[in-house]
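Colleague: Respectively, the protein sequence lines represent chains A and B. The working numbering numbers the first residue of the first sequence as 10 and each following residue consecutively. The working numbering numbers the first residue of the second sequence as 6 and each following residue consecutively.
In short, the hints are calculated from the structure, not lab data. All values derive from a computational prediction rather than experimental measurement. Glycine included, each C-beta is placed from N, C-alpha and C at the ideal position. Some clues are possibly wrong.
Stretches of chain A that chain B covers, calculated by requiring three or more beta carbons in the stretch to come under 8 Å of a beta carbon on chain B [to be verified]:
#1 41-50
#2 74-80
Derived CB-CB ranges, DEER-like [claimed, not checked]:
#3 577/B x 118/A: 44 to 50 Å
#4 80/A x 490/B: 22 to 28 Å
#5 101/A x 770/B: 18 to 24 Å
#6 490/B x 118/A: 40 to 46 Å
#7 592/B x 101/A: 33 to 39 Å
#8 722/B x 80/A: 50 to 56 Å
#9 706/B x 101/A: 40 to 46 Å
#10 80/A x 742/B: 22 to 28 Å
#11 770/B x 80/A: 40 to 46 Å
Examples of chain B residues toward chain A, derived with CB under 7 Å [claimed, not checked]:
#12 807
#13 809
#14 817
#15 819
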Amino acid sequence: MTAVAENLTWTPVCQYAALEPENGVAALLPDGTQIALFRVADGTAYAVSNLDPFSQAMVLARGIVGDRGGVPMVASPMHKQAFDLRTGQCLDNPETCIPTYPVRVADGMVEVAGR
Amino acid sequence: MTRTLVVVGHGMVGHRLVQALRDRDTAGTWRVVVLAEEPRPAYDRVALSSYVDHWDAGKLALENADHAGDDLVELHLGDPVVAVDRDARTVTTASGLVRGYDALVLATGSRPFVPPVPGHELPGCFTYRTVEDLDDIRAAAEGGGVGVVVGGGLLGLEAANVLRQLGLDTHIVEMAPRLMPLQVDEGGGALLRRLVEDLGPSVHCGVSTKEIAEAPDGLRVVLSDDTELTTGMVVFSAGVRPRDDLARACGLDVGERGGVLVDDACRTCDPNVYAIGEVAAVHGRCYGLVGPGYAMAEVVADQLLGGTATFPGADMSTKLKLLGVDVASFGDAHASTGGALEVVHNDPVSGCYKKLVISDDAGTLLGGILVGDATSYATLRPLVGQALPTDPGALIAPAGSAGTGIGVDALPDEGQVCSCNAVTKGTIKDAIVVGGCTDVAGIKACTKAGTTCGSCVPMLKQLLSSCGVEQSKAICEHFEYSRAELFEIIRATRVRTFSELVEKHGRGRGCDICKPAVASILASLGAGHVLEGEQATLQDTNDRFLANMQRNGTYSVIPRVPGGEITPEKLLVIAEVARDFGLYTKITGAQRIDMFGATVDQLPHIWRRLVDAGFESGHAYGKALRTVKSCVGSTWCRYGVQDSVGLAIELELRYRGLRSPHKIKAAVSGCARECAEARGKDFGVIATEEGWNLYVAGNGGFRPRHADLLVSDVEKETLIRLIDRFLMFYIRTADRLQRTSTWLESLEGGLDHLREVIVDDSLGICAELEEAMSEHVANYSDEWRGVLEDPEKLSRFTSFVNAPGIPDPSISFREERGQKVPVLLPVPTVGQTNEVAEVKQ
Numbered sequence: 010m011t012a013v014a015e016n017l018t019w020t021p022v023c024q025y026a027a028l029e030p031e032n033g034v035a036a037l038l039p040d041g042t043q044i045a046l047f048r049v050a051d052g053t054a055y056a057v058s059n060l061d062p063f064s065q066a067m068v069l070a071r072g073i074v075g076d077r078g079g080v081p082m083v084a085s086p087m088h089k090q091a092f093d094l095r096t097g098q099c100l101d102n103p104e105t106c107i108p109t110y111p112v113r114v115a116d117g118m119v120e121v122a123g124r
Numbered sequence: 006m007t008r009t010l011v012v013v014g015h016g017m018v019g020h021r022l023v024q025a026l027r028d029r030d031t032a033g034t035w036r037v038v039v040l041a042e043e044p045r046p047a048y049d050r051v052a053l054s055s056y057v058d059h060w061d062a063g064k065l066a067l068e069n070a071d072h073a074g075d076d077l078v079e080l081h082l083g084d085p086v087v088a089v090d091r092d093a094r095t096v097t098t099a100s101g102l103v104r105g106y107d108a109l110v111l112a113t114g115s116r117p118f119v120p121p122v123p124g125h126e127l128p129g130c131f132t133y134r135t136v137e138d139l140d141d142i143r144a145a146a147e148g149g150g151v152g153v154v155v156g157g158g159l160l161g162l163e164a165a166n167v168l169r170q171l172g173l174d175t176h177i178v179e180m181a182p183r184l185m186p187l188q189v190d191e192g193g194g195a196l197l198r199r200l201v202e203d204l205g206p207s208v209h210c211g212v213s214t215k216e217i218a219e220a221p222d223g224l225r226v227v228l229s230d231d232t233e234l235t236t237g238m239v240v241f242s243a244g245v246r247p248r249d250d251l252a253r254a255c256g257l258d259v260g261e262r263g264g265v266l267v268d269d270a271c272r273t274c275d276p277n278v279y280a281i282g283e284v285a286a287v288h289g290r291c292y293g294l295v296g297p298g299y300a301m302a303e304v305v306a307d308q309l310l311g312g313t314a315t316f317p318g319a320d321m322s323t324k325l326k327l328l329g330v331d332v333a334s335f336g337d338a339h340a341s342t343g344g345a346l347e348v349v350h351n352d353p354v355s356g357c358y359k360k361l362v363i364s365d366d367a368g369t370l371l372g373g374i375l376v377g378d379a380t381s382y383a384t385l386r387p388l389v390g391q392a393l394p395t396d397p398g399a400l401i402a403p404a405g406s407a408g409t410g411i412g413v414d415a416l417p418d419e420g421q422v423c424s425c426n427a428v429t430k431g432t433i434k435d436a437i438v439v440g441g442c443t444d445v446a447g448i449k450a451c452t453k454a455g456t457t458c459g460s461c462v463p464m465l466k467q468l469l470s471s472c473g474v475e476q477s478k479a480i481c482e483h484f485e486y487s488r489a490e491l492f493e494i495i496r497a498t499r500v501r502t503f504s505e506l507v508e509k510h511g512r513g514r515g516c517d518i519c520k521p522a523v524a525s526i527l528a529s530l531g532a533g534h535v536l537e538g539e540q541a542t543l544q545d546t547n548d549r550f551l552a553n554m555q556r557n558g559t560y561s562v563i564p565r566v567p568g569g570e571i572t573p574e575k576l577l578v579i580a581e582v583a584r585d586f587g588l589y590t591k592i593t594g595a596q597r598i599d600m601f602g603a604t605v606d607q608l609p610h611i612w613r614r615l616v617d618a619g620f621e622s623g624h625a626y627g628k629a630l631r632t633v634k635s636c637v638g639s640t641w642c643r644y645g646v647q648d649s650v651g652l653a654i655e656l657e658l659r660y661r662g663l664r665s666p667h668k669i670k671a672a673v674s675g676c677a678r679e680c681a682e683a684r685g686k687d688f689g690v691i692a693t694e695e696g697w698n699l700y701v702a703g704n705g706g707f708r709p710r711h712a713d714l715l716v717s718d719v720e721k722e723t724l725i726r727l728i729d730r731f732l733m734f735y736i737r738t739a740d741r742l743q744r745t746s747t748w749l750e751s752l753e754g755g756l757d758h759l760r761e762v763i764v765d766d767s768l769g770i771c772a773e774l775e776e777a778m779s780e781h782v783a784n785y786s787d788e789w790r791g792v793l794e795d796p797e798k799l800s801r802f803t804s805f806v807n808a809p810g811i812p813d814p815s816i817s818f819r820e821e822r823g824q825k826v827p828v829l830l831p832v833p834t835v836g837q838t839n840e841v842a843e844v845k846q
């Protein structure tokens, strides 16, 4: 994280241990933002917007997690577009990108930074 | 200026001409008027006997046969040309339509030859050439009995097979001393007769039909040796005669033995008139095969566009499966070339006769005959006229022995691989190497090879690989294997987790393609509950939440209603659940009730109510057996002949929960009226007076396909055994998301192969398939009950991990026709900027 990140407000979401590998969950931030939270196979946690921009449904947490050419990704459960979990970049449409959110683990709790 | 071509007749050859001309005449210099006698557009007459498998004339349709959307083609069906005025250059049809022409092509084909036997016009006498002929034969065959086929040639044997399939006790009468006298010699004929008689029909060779007379219970056929046969019908298939009447009437020259006399350019004595196909006598000789007809069509298309193509003569080779017996004959099969030598391999024990005809110096292949096993036809026929690559004995040695057969590499470039469409090995290699074709479909589209009889398709595959084109079977970037191979790996190694599988046999962490495929394989192999441990993360959302995701991210719920039979009490339960949870309800096409608009956190509560009332999962969300639909059957229906509801329920309960490469739908109809639409299903059962008919690999939806008849009139135990085998064979060998219809079409050998494997057990795997199914049946348990009984699985059904009780605020509904329907989020769709990413930078 850069110095800018220190200004972010962190919201505790759940115990890291409760986050099953490659099994996404949805979480609600204080401002009402819905995020999709993932723990990938190597243990890294990622948070992206839960909104699938193609179907306009809040469903990305329910997508299949895996990789495409080594890039950690989630595939939308609606119509299967894949998103890079690190950057939010849609891997099937270069013009589409979804918001990502900084994640950290503090005292066994997963915390996500809102805006 | 646009000129007018009138084509008389729309059979396979007439159609090929129109197609070839329209393909090449990009400038639109010709408009084409097709005047046809038959009531339907050109169809695949070569495959006419397969009509009996489906009784669906649509399946015989040729590509683009109606020329829909082509403004330069005008097709008139059911309106034959009755007169040609060559001076005025006009034709007149039966309905009185008059059309002028700049060029006229006669493609009127042949008529069946009916020998002038007394009684040949009696009711009950039929010919064998058109869809309508088969419809008439079918109608007359109702109720069974005896059928006599006059003619034991190629067509006669096809007709005999049709009668046999219709359940008739069949007799074949052939004047020559052996069956298929034109194609096979005495040795081959003797074996052919034995193989045919093994299948049921009685064969009478060396006799003619003396008389047909009306008898009290049908017809009495008297043969020249005074044998008397009492029969319900007589089918004449004793050869064909060219339909040259129009040509004769307008004064065109005809051949000595009939047919419109044409030169190498297929031109008649009138330079504006051509004849092609079976009606044409090229230098006096008529050709009764589609391959030469196609060649003539191509010649005329070229000539009309100013070309100089000529008819090169024809390869009269044939390969057929007649009455289940392979027969092939190619080149100089009867060794009529001076000094020709014959090499014969005759094995009456394994039922196989092979003969090669070679030149007097034993250096060149001239022709051959194969009976019983014609697999080497594809490689031998193109070698005709070529130097033999090896000792002729080795070419016809029994399979499995040393030196068997030859590969495609031994063929010269000018050797024809596809004789129906006259495509050489060189042309196909060009299409692959220069044209960039990477699969069989590409070669078919580019060269037309393999598009008619299909016997050369295995050679096309060989050519692809010998040209270095690897046909990737990889399911995705994480596994180099096809789904069928993954299935075998998992079955053999007993690997039971995706992580172990991808570590040992793949790479990376998987994706939305391989994970659900592996999850499905694990489920088919009985790896426990689909949401157990890691398996939950492999499932598509529908399987992960055991419900069907709809467009706003909510789910729909379908409880199982086996066979569509439901009590009023259970209907009340569904009604109450839908009302209490505010769900939209709709009756589905599969005779059940769907409840829409449930959120993830509502699903367990809904299912608690349903399970308590005795419902279980309907698997509407899974690539699994959906329903076995039924009509009301003999219990209530005054037309029903069997209890279709009872059987549908039994089948649905047997196969419920069975995971498969794609969804499986089924139906049972209680009589031939087919109210359950069983022939549009992956497997369909239709009641008969004697038992059940089983149809397989039907489909509705995107590409409708009528199911094929696999077996007729079987009793219930046999029926269930065959369905067990069919489903398990499909589950093991199909590709991911391949329905049974496309799976069957991609099986090499198609329906015949499927029948060999699951009816005749040619691979010896039927016991294993049945065992796999009985394990499935024994281990079935309801998935939703499994979730409700397991707190860990239940815990995944939450809206938000940090706010489990709060419903998703983005979901809202409005009302339409008295029920709620989803309202979509009013947010921009694509191209959003990534604000957080910018902050990070």
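Colleague: The structure should be examined with respect to each hint, and the outcome stated for every one.
Modeller: Going down the list of hints, with the structure as the test:
1. 41-50: holds (count 5)
2. 74-80: This one holds; 6 residues, not fewer than the three required, reach chain B with a Cβ under 8 Å.
3. 577/B x 118/A: 44 to 50 Å: holds (47 Å)
4. 80/A x 490/B: 22 to 28 Å: With Cβ atoms ~26 Å apart, the hint holds.
5. 101/A x 770/B: 18 to 24 Å: violated (40 Å)
6. 490/B x 118/A: 40 to 46 Å: Holds - the Cβ-Cβ distance for residue 490/B and residue 118/A, about 44 Å, lies within 40 to 46 Å.
7. 592/B x 101/A: 33 to 39 Å: Cβ of residue 592/B to Cβ of residue 101/A: about 36 Å, so the range 33 to 39 Å holds.
8. 722/B x 80/A: 50 to 56 Å: holds (54 Å)
9. 706/B x 101/A: 40 to 46 Å: violated (25 Å)
10. 80/A x 742/B: 22 to 28 Å: Check passed, 24 Å falls within 22 to 28 Å.
11. 770/B x 80/A: 40 to 46 Å: Given a distance of about 41 Å, which is inside 40 to 46 Å, the answer is holds.
12. 807: Holds: closest Cβ of chain A sits about 5 Å from residue 807/B, inside 7 Å.
13. 809: Since chain A brings no Cβ nearer than about 10 Å to residue 809/B, farther than 7 Å, the hint is violated.
14. 817: Nearest chain A Cβ about 12 Å off; hint violated.
15. 819: With a closest approach of 16 Å, the residue 819/B hint is violated.
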